[in-house]
Amino acid sequence: MTTLPEKTTRSLGLVIDLDTCVGCHACVISCKGWNTENYGAPLSDQDPYGADPSGTFLNRVHSYEVQPETGPAQLVHFPKSCLHCEDAPCVTVCPTGASYKRVEDGIVLVNESDCIGCGLCAWACPYGARELDLAEGVMKKCTLCVDRIYNENLPEEDRTPACVRTCPAGARHFGDLSDPDSDVSRLVAERGGIDLMPEQGTKPVNKYLPPRPKDGWQGEVDVLAPFLEPVAEEPRGFLAWIDKTLEKL
Amino acid sequence: MHPAPSIIAFTTFSGLGLGLLFWLGVDPDPPTGWSAFAFFLIGYLLAVGGLMASALHLGRPERALKAFTQWRSSWLSREAWTACAALVVMGVYAALLVFFGVQVHVLGWLGALLCLGTVFTTSMIYTQLKTVPRWHHWSTPVLFQLYALGGGALLSGRVTTGLVLIGLAALAQAGWWLAGDQRLAASGTSIETATGLGHIGKVRAFEPPHTGSNYLLREMVFVVARKHARKLRLIALGLMAVLPALLLLLPFGHWLALIAVLSHVAGVLVSRWLFFAEAEHVVGLYYGKR
Ligand code: SF4
Ligand code: SF4
Ligand code: SF4
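First to last, the sequence lines map onto chains A and B.
Taking our numbering as reference, the numbering of the first sequence is continuous, increasing by one, and the terminal residue is 249.
Taking our numbering as reference, the numbering of the second sequence is continuous, increasing by one, and the terminal residue is 539.
Because the hints were derived from the structure by calculation, they are not lab data.
Incorrect hints may have been included.
As the list claims (entries may be wrong) - Straight-line Cα separation of at most 30 angstroms, DSS-like style, residue types lysine-lysine; simulated pairs:
no.: 1; chain 1: A; residue 1: K7; chain 2: B; residue 2: K538
no.: 2; chain 1: A; residue 1: K214; chain 2: B; residue 2: K451
no.: 3; chain 1: A; residue 1: K203; chain 2: B; residue 2: K538
no.: 4; chain 1: B; residue 1: K379; chain 2: A; residue 2: K7
no.: 5; chain 1: B; residue 1: K538; chain 2: A; residue 2: K32
no.: 6; chain 1: A; residue 1: K203; chain 2: B; residue 2: K315
Just so you know, these numbers come straight off a predicted model, no measurement behind them.
Same shape as in the complex, but just chain A (with noise of 0.2 angstroms):
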């Protein structure tokens, strides 16, 4: 049934960082990797190594460009996949009850079976986190990692979606987001999450935390500084007579 759940058990998501994330894309391909693999259908590529290579991704890293009043530019890295909205555009619109939300911890699901590939539902996303698989003719989405994370037959430390498994930096962090005191709900906390799109209604569950503001320069100066002097402003010897010979010229 397409209608949304009244409440969730739990919220599980993701908790992204954006002041660690270093925008090295291997959530992207650790992403593709567990998922072509598992759950469903495979994520197929159309072209992979032609001219014009395009594929299905169910997550995907931006970077942007923050340029504030004075002081330089920042760049900023942004992974993005499904945030697995409470109020879900994606599950409502859609005709078949394909498209879910999972009562007992709100992960939103696509039943591959029953989908008709009409691709509604990711028009009604506004994150873009849906891509319906050419070769499938089905839509695709984060599953985050259901077959991972309540898999007994992998090791504990591996019952974590793999994006969040594979994060070098450590910018991704797994958990329930409805328990205030999870150690993601308490980052958010403490690091000011935000909700990306607010004002589309759709309560995202997955947080990410802003960068923080950069240090500055200004007012700090070291100790060696005046050894770091540069010593010869103007040209002598050799060097002079090479500037003024082809001065003349």
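The hints should help you fit chain B with the ligands onto chain A, whose structure is shown.
Chain B with the ligands only, in chain A's frame:
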């Protein structure tokens, strides 16, 4: 949004067909016999043809029947129901009229209501999308109804009613375009809210996540040829309203009426192309596009 030919054909032709069926349903003195057969056939070819075209853009058309299950929440599912109900009820009404010369008014009115209901549910599929501010407004269903009623009236040979409705549709369309141009800005969604980085400063998309294209860009970030939008708007209005009006106000002749109808259909097709091509989906903001 990507102006897929299948969806443009679907909304245009099914709208016209359902509009024609509406007028046949409410007609107190409808055609009978073979002439009724011809009118209903045209209505059905347009409506059913349009609906078939819409099935073409599905990734898995063989499962299309599943789309009937979620009428409680999904406008697309409601559209599937109203379309079938309209076609069945009008079918019975038409059969009685054509083969037995019997007119059951209640059926005609019910069918007509269901026809308008189908056009309404179709328009709500687009109107409900908050992600496309240009569509997300009550005026979108009004516009769709005017197009269907006006085109249907023309097809059914109601010249005066048709012209009045087409004139109204043209006015509504012009207003919808002008107001629509402001709606993305008015929605409050920007690259700053999309990234949540607005408190630091001005945000610019620096590097996209992928070097090639992808489903999102192909489907929702269609920006090619928007530069001709202004000209195309004028062409659409000219073809759908001005030219048919001129042709029909001339001393009435059947072939002039035929050209008027064809011109109207061409104009509606152009305006539907613009309906999709000009619609900005907010996901484009993540790519620094609109
Ligand atoms: S991010 Fe998009 S796909 Fe995911 S739940 Fe929200 S609206 Fe749906
Ligand atoms: S593409 Fe599939 S999951 Fe999405 S709305 Fe259509 S049927 Fe539902
Ligand atoms: S793996 Fe971690 S650091 Fe690398 S792009 Fe993904 S979130 Fe950023």
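Checking one constraint from the list: CA of A:K214 to CA of B:K451, max 30 angstroms. Satisfied?
Holds, at roughly 16 angstroms.
Check whether the Cα positions of A:K203 and B:K538 lie no farther apart than 30 angstroms.
holds, 24 angstroms
Straight-line Cα separation of A:K7 and B:K538 no greater than 30 angstroms?
violated, 36 angstroms
Holds or violated: B:K379 and A:K7, Cα atoms, limit 30 angstroms.
Cα-Cα ~23 angstroms, so holds.
Check the hint pairing B:K538 with A:K32 against an upper bound of 30 angstroms on the C-alpha distance.
Distance of about 26 angstroms is within 30 angstroms: holds.
Checking one constraint from the list: CA of A:K203 to CA of B:K315, max 30 angstroms. Satisfied?
This hinted pair holds, its Cα atoms lying about 29 angstroms apart.
Hint compliance for this structure: hint 1 alone is broken.
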